[in-house]
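Listed here are the chains, written in short residue letters.
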Amino acid sequence: ETGVTQTPRHLVMGMTNKKSLKCEQHLGHNAMYWYKQSAKKPLELMFVYSLEERVENNSVPSRFSPECPNSSHLFLHLHTLQPEDSALYLCASSQGTTTDTQYFGPGTRLTVL
Amino acid sequence: AQSVTQPDIHITVSEGASLELRCNYSYGATPYLFWYVQSPGQGLQLLLKYFSGDTLVQGIKGFEAEFKRSQSSFNLRKPSVHWSDAAEYFCAVGGLTGGGNKLTFGTGTQLKVEL
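Protein sequence lines correspond, in order, to chains L and F. Using this note's numbering, you'd call the opening residue of the first sequence number 19 and step up by one each time. Using this note's numbering, you'd call the opening residue of the second sequence number 2 and step up by one each time.
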């Protein structure tokens, strides 16, 4: 595997379910990001991790819980989501958290019923 | 606060025609500017980036962009569009913030290519 991978690619869940999104980067990068992409809206940065420490949390509701166990893996744990949380969730990584280019995964298409 | 405006939501061009996608940004210091492309069902792929130096930047797939500080613009161009260029294009501005590398994206321009 090369680049940034995300699993699952599609997820349908009920409002009471608990699920997790997984992201893995094979680029040797030190920073990882979660973005939300909703229709007709700009990409929204959710979380930034640098060397496994969370350095930014963009006022994201607590029903989204990120986890970064090491510099190659990033998770987004989901619980009691709302239908408006349905979106494409994109993971990205970069060498550092300065001006380095971010490389994106293919995303997980999440539908909340 | 930094912001990006892509004034064209949809653009349709004929295959072989030239293309220009507009991007205007707002940023207090020297910006770092990016163009990404997203094909259906895919993540974002970097086309090109501007950090400093020559204001005309060459990217992949025959794309180029020109940074114009006086106009706060970073328009993307391609002299001859191919049908495979049909996708959504995102301009982004980044820079050092309290949280490090924070990219702010525009709302995107959907490109349709007519054969």
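Honestly, the hints are just simulated from the structure, not real lab data. Every value quoted in this text rests on a predicted model; they were computed, and no experiment measured them. Check each hint, because a few of them may be wrong.
Under 7 Å between C-beta atoms, here's a sample of chain L residues computed to sit facing chain F [stated by the list, open to error]:
no.: 1; residue: ALA57
no.: 2; residue: MET64
no.: 3; residue: LEU69
no.: 4; residue: ALA105
no.: 5; residue: THR119
no.: 6; residue: PHE122
Just some of the chain F residues that point at chain L, by a computed CB distance under 8 Å [unchecked claim]:
no.: 7; residue: TYR26
no.: 8; residue: PRO41
no.: 9; residue: LEU45
no.: 10; residue: GLY63
no.: 11; residue: LYS103
no.: 12; residue: THR108
no.: 13; residue: GLN111
no.: 14; residue: VAL114
no.: 15; residue: LEU116
Idealized CB from N, CA, C, for every residue including glycine.
Consistency of the hints with the structure:
1. ALA57: The hint is violated - L:ALA57 has no Cβ within 7 Å of chain F, the shortest such distance being about 10 Å.
2. MET64: violated (12 Å)
3. LEU69: violated (11 Å)
4. ALA105: violated (14 Å)
5. THR119: holds (6 Å)
6. PHE122: Holds: closest Cβ of chain F sits about 4 Å from L:PHE122, inside 7 Å.
7. TYR26: Result: violated, 13 Å to nearest chain L Cβ.
8. PRO41: violated (11 Å)
9. LEU45: holds (4 Å)
10. GLY63: Since the shortest Cβ distance to chain L is 19 Å, the answer is violated.
11. LYS103: At about 6 Å, which falls below the 8 Å cut-off, the nearest Cβ of chain L leaves the hint on F:LYS103 intact, so it holds.
12. THR108: For F:THR108, the interface hint holds, since the closest Cβ of chain L sits about 5 Å away, which is under 8 Å.
13. GLN111: Violated, because the Cβ-Cβ distance from F:GLN111 to chain L comes to roughly 11 Å (cut-off 8 Å).
14. VAL114: F:VAL114 check fails; min Cβ-Cβ to chain L is 22 Å, beyond 8 Å.
15. LEU116: Cβ of F:LEU116 sits 27 Å from chain L, so the hint is violated.
Hints 1, 2, 3, 4, 7, 8, 10, 13, 14, 15, counting from the list given before, are not met by this structure.
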